[in-house]
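Put together the whole structure using the sequences plus the hints.
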Amino acid sequence: MATALTASVAAAAPAAPADSTAITLTPRGVPDTGAITGENLGFSVESADLAHGFLTKPRMSQWLKTLGRHGVLRLGGYSMDLVWPAFGAYRDAPTPPEAIGGRVDRSDLLRLKALLRDSGWKATLGVPLKKIIDPSKIKSPTKDPSPPVTLDQAVAEVKAAHEILGDDLLAVEIGNEYDNVTTLTPAEYYATMKQYHAAIKQAVPHANIKVTGPSANTAKTNTQLDGFVAAVQADTGSDPRQMIAEFTNHLYPQSHCGSSNATIAGLLSPDTYVTDRNKLTGIMDITGRLNSGIPAVINESNSASCSGQPGVSDAYATSLWSLDYLLQTAQNRVSQVQFHTNTAAICGDFKARDSKDYPISYRYYGAFCAADQHALDSNRLSAAPLYYGLWAFHQVPEGRFLDVGLPDTALSRLRAYAVEGRNGALTMVLINVQDPAASTGDDDVTVNLPSAYRSGDAVTLRTSATDGLASVDTSAISLGDRTLSDRGVPSGRPGSTPVQVSGGRSTVTVAPGTAQIITFSAR
Numbered sequence: 001m002a003t004a005l006t007a008s009v010a011a012a013a014p015a016a017p018a019d020s021t022a023i024t025l026t027p028r029g030v031p032d033t034g035a036i037t038g039e040n041l042g043f044s045v046e047s048a049d050l051a052h053g054f055l056t057k058p059r060m061s062q063w064l065k066t067l068g069r070h071g072v073l074r075l076g077g078y079s080m081d082l083v084w085p086a087f088g089a090y091r092d093a094p095t096p097p098e099a100i101g102g103r104v105d106r107s108d109l110l111r112l113k114a115l116l117r118d119s120g121w122k123a124t125l126g127v128p129l130k131k132i133i134d135p136s137k138i139k140s141p142t143k144d145p146s147p148p149v150t151l152d153q154a155v156a157e158v159k160a161a162h163e164i165l166g167d168d169l170l171a172v173e174i175g176n177e178y179d180n181v182t183t184l185t186p187a188e189y190y191a192t193m194k195q196y197h198a199a200i201k202q203a204v205p206h207a208n209i210k211v212t213g214p215s216a217n218t219a220k221t222n223t224q225l226d227g228f229v230a231a232v233q234a235d236t237g238s239d240p241r242q243m244i245a246e247f248t249n250h251l252y253p254q255s256h257c258g259s260s261n262a263t264i265a266g267l268l269s270p271d272t273y274v275t276d277r278n279k280l281t282g283i284m285d286i287t288g289r290l291n292s293g294i295p296a297v298i299n300e301s302n303s304a305s306c307s308g309q310p311g312v313s314d315a316y317a318t319s320l321w322s323l324d325y326l327l328q329t330a331q332n333r334v335s336q337v338q339f340h341t342n343t344a345a346i347c348g349d350f351k352a353r354d355s356k357d358y359p360i361s362y363r364y365y366g367a368f369c370a371a372d373q374h375a376l377d378s379n380r381l382s383a384a385p386l387y388y389g390l391w392a393f394h395q396v397p398e399g400r401f402l403d404v405g406l407p408d409t410a411l412s413r414l415r416a417y418a419v420e421g422r423n424g425a426l427t428m429v430l431i432n433v434q435d436p437a438a439s440t441g442d443d444d445v446t447v448n449l450p451s452a453y454r455s456g457d458a459v460t461l462r463t464s465a466t467d468g469l470a471s472v473d474t475s476a477i478s479l480g481d482r483t484l485s486d487r488g489v490p491s492g493r494p495g496s497t498p499v500q501v502s503g504g505r506s507t508v509t510v511a512p513g514t515a516q517i518i519t520f521s522a523r
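Counted the way full-length UniProt numbering counts, the sequence shown spans residues 1 to 523.
These aren't lab readings, by the way, just hints derived from the structure by calculation. Ideal Cβ placement from N, Cα and C applies to all residues, glycine included. It cannot be assumed that every hint is accurate.
Said to hold, decoys possible - Using 30 Å as the maximum straight-line C-alpha spacing, the simulated DSS-like pairs for lysine-lysine come out as follows:
hint, residue 1, residue 2
1, K356, K139
2, K113, K220
3, K137, K210
4, K194, K131
5, K113, K131
6, K113, K65
7, K131, K220
8, K122, K194
9, K194, K159
10, K122, K159
What the hints assert, rightly or not - Label-pair ranges, simulated between beta-carbon atoms:
hint, residue 1, residue 2, range
11, P135, G288, 35 to 43 Å
12, R493, G293, 30 to 38 Å
13, R380, A198, 17 to 25 Å
14, P96, R380, 34 to 42 Å
15, A371, P490, 15 to 23 Å
16, C257, G348, 15 to 23 Å
Below, the structure is given as structure tokens:
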């Protein structure tokens with residue numbers, strides 16, 4: 001029997017088949033909403049990937065360009081404290097054994113410049129923290145011991161990066177998850193950030209290089225950010241806009257750390273969606289206390305922390321999740337999400353946390369990987385399910401979000417967003433998060449259009465795999481019946497199908513395990 005959910009006061013939708021749910025949405029404008037800017041998406045990669053030359057292989061440029069020309073690469077992660085910067089007085093110094101993340105020198109930055117110039121992307125540079133602070137503040141000195149990097153050495157890397165990258169260097173990130181690896185209080189971390197910024201300013205006085213932080217751990221609460229912003233507020237003698245480029249945060253909705261396990265059901269659950277929404281709202285509320293206009297960014301994220309969960313992070317479910325997650329964060333006014341990924345690894349070849357190869361290891365949540373060693377040597381990578389969700393997000397035009405009024409009671413079935421474009425077109429994104437392998441329940445979504453739109457076109461993200469959300473067969477995924485080559489090149493522009501509009505209303509059937517990107521226009 002058909003059920004019905006009404007998201008706002010509206011005329012009833014047409015009768016739905018017995019195995020479907022009827023949902024009515026009425027998009028409307030609301031104040032203080034987020035936007036699709038063309039800059040909402042980026043990648044976070046390990047500093048070790050830069051040091052080993054993996055990130056800057058020419059093959060990477062096309063994978064970036066397919067997602068747009070205005071993304072950001074965050075160079076950091078936990079290997080931020082495991083890389084040896086060979087700059088300044090340390091240019092010819094031997095690489096210490098603790099530098100299991102590798103050695104970075106000018107040649108790496110020159111290759112990075114070529115990648116950024118060709119792709120149109122920009123970068124933030126992470127610098128080490130653990131060896132810069134009081135040694136007594138390190139939580140576990142024997143765990144992942146860091147090479148003896150000095151402040152002058154780190155600043156010399158920043159200076160070289162500015163000289164080589166110019167405006168393509170957006171900012172410098174101070175440490176990675178300081179609260180996980182140190183006992184610094186938020187106020188002490190802020191003081192360290194100021195110390196770093198002062199040293200950078202002295203070395204490159206006219207460059208106006210800003211820093212980012214606090215990049216705290218992935219807790220559901222915002223305790224560390226709250227303390228950090230309180231420290232900034234207490235520093236009445238400084239203007240944060242002159243020092244801080246972004247307030248950076250980490251967010252993973254699930255965990256595979258220790259004995260924790262992630263699930264597909266958990267990843268797409270209403271509870272996870274609401275928890276993330278509360279986290280994002282908290283971030284904006286806390287940073288908003290400063291009235292500084294400094295953007296908030298999720299600069300490290302993915303489906304599950306600690307490299308992801310096999311069978312979840314590499315499954316088709318992440319195609320739908322990443323599309324939904326990007327829309328959710330943008331709607332909540334977070335400026336960008338940077339998905340943590342490997343850049344050169346064989347699919348499934350995960351290295352243990354205690355392996356010297358872990359910094360450059362395959363991650364189950366990676367956006368791309370090579371089918372085998374021959375493919376890797378031939379510069380051929382395969383798009384992961386996650387990447388298809390990012391590619392789908394790139395199809396959503398720039399514009400402001402409208403409220404669709406979808407009740408939380410519908411989140412177990414549907415995620416819905418509306419974006420009003422600059423040209424007046426309306427784009428709806430409807431995601432049926434039910435598993436097609438276990439359900440035949442379509443969502444029949446009726447949209448009460450806010451203007452006299454005459455036509456619509458829908459692009460569909462789907463898998464043809466019989467195991468639905470759990471499928472790890474990327475070859476079964478398509479976007480508008482188009483796929484991605486092993487060079488990151490789409491097989492064509494995603495195709496669309498017509499959507500009927502009549503009397504200011506349109507009803508769209510969204511099958512389980514699919515997403516539809518529907519653009520309504522007045523033509």
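### Task
Return the numbers of the hints above that this structure violates; sort them in rising order.
Structure breaks hints 2, 13.
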